[in-house]
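Protein sequence lines, in the order shown, are assigned to chains F and Y. Residues 426 to 572, numbered by my numbering, are exactly what the first sequence covers, in order. Residues 434 to 738, numbered by my numbering, are exactly what the second sequence covers, in order.
None of these hints come from the bench; they were simulated from the model. As the structure is a prediction and not an experimental result, all values here were calculated from the model. A virtual CB, placed ideally from N, CA and C, is assigned to each residue, including glycine.
Residues of chain Y placed beyond 10 Å of chain F at every Cβ, according to the derived structure:
no.: 1; residue: Lys437
no.: 2; residue: Gly453
no.: 3; residue: Thr500
no.: 4; residue: Gly507
no.: 5; residue: Trp548
no.: 6; residue: Pro661
no.: 7; residue: Ala665
no.: 8; residue: Ser708
no.: 9; residue: Thr722
no.: 10; residue: Arg725
no.: 11; residue: Val726
Using 20 Å as the maximum straight-line C-alpha spacing, the simulated SDA-like pairs for lysine to any residue come out as follows:
no.: 12; chain 1: F; residue 1: Lys522; chain 2: Y; residue 2: Asn668
no.: 13; chain 1: F; residue 1: Lys522; chain 2: Y; residue 2: Val672
no.: 14; chain 1: F; residue 1: Lys522; chain 2: Y; residue 2: Trp671
no.: 15; chain 1: Y; residue 1: Lys618; chain 2: Y; residue 2: Pro455
no.: 16; chain 1: F; residue 1: Lys522; chain 2: Y; residue 2: Asp666
no.: 17; chain 1: F; residue 1: Lys522; chain 2: Y; residue 2: Arg669
no.: 18; chain 1: Y; residue 1: Lys737; chain 2: Y; residue 2: Thr719
no.: 19; chain 1: F; residue 1: Lys522; chain 2: Y; residue 2: Pro667
no.: 20; chain 1: Y; residue 1: Lys618; chain 2: Y; residue 2: Glu589
no.: 21; chain 1: Y; residue 1: Lys437; chain 2: Y; residue 2: Arg475
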Amino acid sequence: MSATPELSPVSPGRRRLYVLGVNLYLLAGGCWLILRGRLPARPVLAFLGAFLRPRWRVTLRRIEPETGCCYTARVLPWIMSDLHGASGLELYEDGVKLPFGHAPHDTIRTLGLGRYSHWGRRVYFASSDNSDPRTNGRRYRLVETRW
Amino acid sequence: MTAKALDPALAGILVCPETGAPLAWQGDRLVAASGTSYPVLRGIPRFVPSDDYVGSFSFEWNTHNRTQLDSFTGSGSSEAMLTAKTGLGPDDVRGKLVLDAGIGAGRFSDVLSRWGAKVVGVDLSYAVEAAHANFRDRPNVMVAQADIGRLPLADESVDVIVSIGVLHHTPSTERYFKALVPKLKRGGRISIWVYPDSGEYAVRNNWIPFTSRLPSRAFYEWCRWIVPRIYADPNRRWVQLLRRLFPFSDQGLGLENDILDTFDAYSPVFHGIHSSVEVANWFAETGLTDIRVLDVPSSVTGVKP
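Make a model of the complete structure from these sequences and hints.
Laid out in structure tokens, this is it:
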């Protein structure tokens, strides 16, 4: 019977070696899983594709009420959303980034206060003070980030 | 002679897993009348020669021996999880003999013993070292290293069995579950939770053939490196993407818990995933009654008639 495992100190160099080795190993494993269809390829391709074109940015104009504090506007269909991967859109209100992206839609509707979500072909959002973004006189701008 | 004072109900409960013969404490061994004996090493009865396929658990629970114990964290997270995944409360176990099948470092035995249960905690891994140390001062907890498929307990000897997040790490979740039921007294309750076959558990299942082959120490150091970066800015696009492809633990219980739980999720050799219906069917096949599927997916409880 072996003794109790103990966590002996690891030198910074060995730790870096572990991290690099595991990163490379998992990268290879991830590629294999994607090629075998065990992990979705679409979010990865969309993520990489965003580096090959100009960053997308637009001022929201046709804003529609949804439910409660939530309003919605259209987004180009080829911009990756949280529905199929990881949205890179950030929402700005008069040049100030709203704080809570990737928010659950129920909390946008009930709590609002700057929460937003890019889901499918639409962005769902609430203004920073839950006022009506169609009439509060502020400008709402979506900016795509890459990382 | 035991290494610590035990409740009398616990001191005589162990039997030979091969023959079912009672075992008596003789110095640093447990001995049957036939002469068969098992060692007691550092106060812990040992019914297996090694930790076999669960070396990652030996590593993690002796590294994070108290991270999830309510008694040490001051939180009630393990108690809340125990209730949610078993449907049990203090009144269901007080004064009763409870088997914690797969005790780990003892997060649920900690709760059960504080509720007044007499707990037998069994684990195949060297996590028993951590559990034994954590409960050194509790006479109502006994820890043994054994295979939960070949338990050193007589049939119909325990009042309640709980097994949370353990059976899916055995070679056959169903077979190991069915090996537990005979140990339950008539009228006793068994409650288990296993990994559901959906969501992040299904995604993780794809990774297990890769991650389970990594040396525990290397993978653990990677977890310590990546998890703080994931949580430093969770809204970053690469983080969102990575979490979709490689789900990380996010239990809201602090960084150390999430490092531990990420390691725990990807390092085991066996990683079964099962639907609630499948688990409920196992309960029915073993003749259990009053079967209830709880709100937490793949949490099922039943009573032996």
